[in-house]
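Visitor: Residue strings, one per chain:
Protein chains: 2
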Amino acid sequence: MKAEILSTGDEIVSGGVNDTNSTWLATNLLAMGIAVERCVVVGDDLDGIGRAIVEATARVDLLLVTGGLGPTSDDLTAEAAAQAGGVDWVMNPEALGSMERFFEKRGWDMAGVNRKQAKLPKGAGVIENSVGTAPGFYLNISGCHCFFMPGVPSEMKVMAPKDVFFRIQNIFDLPCAIASRSFTVFGLPESEVGTRLHDFNLRFPGVRLGFRVDFPLIEVKLSCDDSKGEGAETVLAGAGVFVESTLGRRVISRHGLTMEQEVGRLLLEAGATVAAAESCTGGLVASMLTDVAGSSGYFLFSGVTYTNDAKVRILGVKESTLAGFGAVSEETAREMAQGVRGLTGATYGVSTSGIAGPGGGSDDKPVGTVCIGVAGPGFSWAKRYVFPFDDRGMNKKMFAATALEMLRRRLTPAEGSL
Amino acid sequence: MKAEILSTGDEIVSGGVNDTNSTWLATNLLAMGIAVERCVVVGDDLDGIGRAIVEATARVDLLLVTGGLGPTSDDLTAEAAAQAGGVDWVMNPEALGSMERFFEKRGWDMAGVNRKQAKLPKGAGVIENSVGTAPGFYLNISGCHCFFMPGVPSEMKVMAPKDVFFRIQNIFDLPCAIASRSFTVFGLPESEVGTRLHDFNLRFPGVRLGFRVDFPLIEVKLSCDDSKGEGAETVLAGAGVFVESTLGRRVISRHGLTMEQEVGRLLLEAGATVAAAESCTGGLVASMLTDVAGSSGYFLFSGVTYTNDAKVRILGVKESTLAGFGAVSEETAREMAQGVRGLTGATYGVSTSGIAGPGGGSDDKPVGTVCIGVAGPGFSWAKRYVFPFDDRGMNKKMFAATALEMLRRRLTPAEGSL
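Just so you know, the protein sequences line up as chains P and G, in that order. Take 1 as the starting number for the first sequence in the numbering used here and just add one per residue. Take 1 as the starting number for the second sequence in the numbering used here and just add one per residue.
These are calculated hints, taken from the structure and not from any lab test. Watch out, some of these pointers could steer you wrong.
A pair counts as met if it fits within one copy or between any two copies, since identical chains are not told apart.
Simulated crosslink set (DSSO-like; lysine-lysine; CA at most 30 Å straight-line) [to be verified]: (1) K383 - K397; (2) K365 - K383; (3) K157 - K365; (4) K383 - K105; (5) K383 - K162.
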């Protein structure tokens with residue numbers, strides 16, 4: 001079987017936003033054993049969308065479409081799908097009911113403009129949207145199975161696993177269970193991960209290997225059909241051991257957890273708490289930690305001390321340290337970590353001080369320089385790193401992830417010292 | 001004229017990495033007045049790439065292709081281009097010379113495998129790669145002007161501005177750029193923005209209206225062809241006035257700035273500083289503010305006080321306030337804002353205390369409840385909001401944006417009180 005993905009939206013085709021929906025869908029289809037052949041992006045143009053659907057349905061057996069289901073005048077996908085399928089574009093009572101329930105549940109009034117979202121190609125099957133107003137739908141066009149989903153990623157990513165993927169498995173009689181393992185890797189570029197695993201397919205021919213980059217983390221995903229019973233799990237276990245031994249301690253989770261989820265898990269396991277002192281990461285360490293539900297069980301405080309004054313008065317960094325070594329120094333980072341630990345009584349203090357850019361760099365301390373500190377029972381530690389990024393956002397992410405990685409290593413002493 | 005972009009690479013079509021090249025190219029083409037009609041991604045497959053080239057060249061006048069010019073066995077674009085163009089795939093002496101100079105300059109040995117990169121379609125024009133080994137090339141296929149560039153973003157982003165864009169401008173004798181205006185909207189759902197602007201296209205038939213949702217912000221973008229000289233700017237100005245009067249103070253920037261960029265601009269303009277006291281936003285307010293380069297000019301500190309103890313000891317919130325009203329209360333939010341202002345000497349203090357979920361809600365204070373506080377010269381203010389989201393990430397974003405919006409309104413008194 002052949003599959004394609006079509007994304008619609010002026011904001012994507014004009015370069016305003018990256019098409020992350022296609023990436024996400026392709027990864028999930030691959031895990032189900034479906035290798036996507038082509039991804040297409042077209043703008044909010046009735047004929048353009050219609051042509052793209054007609055062309056794709058002539059080529060492939062499965063088409064996933066995202067975007068253009070909203071209430072505004074540039075939301076044209078349902079109408080284009082009707083044209084492509086040669087059917088009328090009509091009010092769908094089931095879709096309307098689904099939307100009315102959505103609004104009623106929230107005590108909102110449904111605007112007249114929203115009614116347009118319930119107009120679907122005649123004969124389309126409604127797919128309920130539990131987190132947004134736009135219903136999705138299914139339509140068979142020229143023998144190609146087409147699923148239409150909202151373009152808002154947070155809505156699509158709920159709808160697809162809930163109501164689309166299992167239908168695809170039924171339609172194409174895919175092995176009902178795919179066994180998979182997911183490893184999170186930090187500290188290696190994608191090319192290096194690829195090089196180290198270059199003979200994976202020769203060693204484990206029955207196992208699919210996929211990579212997903214969520215900077216600065218890389219997810220290495222192994223999957224295989226579970227149709228042969230227990231065999232799949234055994235093969236996967238062997239492949240997993242190979243991945244872990246090849247990538248070593250760059251594997252930060254063998255369960256696909258993010259850095260902040262893994263650190264949170266380890267802190268809970270240890271009955272420990274953490275506080276942060278952040279300069280260049282500007283609150284990102286705290287924001288990552290608190291993205292995890294239940295983080296109030298171990299996260300106490302972060303002092304985002306952008307100024308030297310705040311470092312001195314709130315964290316207790318010595319003025320002589322700042323004067324002698326500068327704010328971006330291992331000495332300052334160490335005192336920040338110690339200071340926030342003392343201030344809060346947390347088991348661990350972590351700190352960041354660096355230069356995220358684009359300005360503020362020097363020959364001595366270029367953009368990308370960061371000093372990370374960790375303090376805990378009976379120790380304090382700091383180290384300087386220089387990353388090669390010019391981009392402020394990338395540096396903030398890399399600095400914050402590195403700080404959490406240093407804490408993670410402390411929490412897993414079996415992996416060796418910092 | 002019509003244009004498309006084709007990206008090649010298994011890592012993209014399988015979801016491993018986002019196709020940022022197409023986004024970047026589309027943005028740059030749009031600035032030159034070329035609206036890309038379609039972006040296509042195909043894997044590293046000779047026939048697949050060839051078919052995509054043949055199809056695109058039949059549709060459009062300009063095709064930009066990235067990827068597949070490397071030395072390995074899965075780099076197939078040059079061969080596919082030769083097939084699509086119906087010409088031989090031959091060693092190109094100019095390309096070979098360009099590569100030899102690249103290696104020589106760096107004192108590297110050129111591996112035999114690299115020679116493959118100099119094999120191009122017969123008749124192709126070589127485009128030098130000054131930062132990598134793979135030369136780009138130009139080929140006219142069926143009247144369509146095709147430019148082939150490396151897939152490594154850092155190489156492509158040097159080659160395109162240096163040697164591709166000006167050729168495109170020459171070939172198509174391009175007029176001036178497209179004129180555009182961008183408005184940032186906060187506090188209305190996309191459907192409501194669409195309703196209010198429903199007759200925009202009737203009023204301004206020559207102006208294109210687009211929406212881009214970056215939750216919780218909506219960008220409203222107006223654009224039109226500037227080829228008629230000054231007319232476009234005049235028409236856009238009128239359309240902009242209509243958008244602003246229709247959406248009122250929900251328009252937070254008429255220059256497409258994000259919330260944190262606009263707040264930063266206003267603080268700099270006022271010569272004012274800000275400090276934050278965050279509970280439920282967990283550092284996100286600080287992280288947003290410090291995403292802006294130059295934010296050290298106005299951002300002093302954020303205390304991410306997840307615990308009551310930290311709220312009392314660091315921010316000076318009264319224990320009686322916490323005991324009497326709870327951590328999630330207007331009284332506590334007000335004292336947090338006042339406290340962080342006093343602690344840091346900032347012109348303004350902003351605070352958040354709420355329940356991001358998924359747990360922790362009650363009938364009285366459901367998930368989605370947040371109390372925002374703002375303190376400044378001669379005033380302090382707090383208000384409770386209840387948002388309808390179950391999702392922790394959405395709530396954090398909405399809470400943080402609301403806190404910054406309350407500060408923004410204080411900084412633009414012409415728009416009315418809080």
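Visitor: Each hint needs a verdict: does it hold in this structure or not?
Guide: Cross-check of the supplied hints:
| no. | hint | verdict |
| --- | --- | --- |
| 1 | K383 - K397 | within (17 Å within a copy, 32 Å between copies) |
| 2 | K365 - K383 | within (14 Å within a copy, 44 Å between copies) |
| 3 | K157 - K365 | between (41 Å within a copy, 26 Å between copies) |
| 4 | K383 - K105 | between (52 Å within a copy, 25 Å between copies) |
| 5 | K383 - K162 | neither (45 Å within a copy, 37 Å between copies) |
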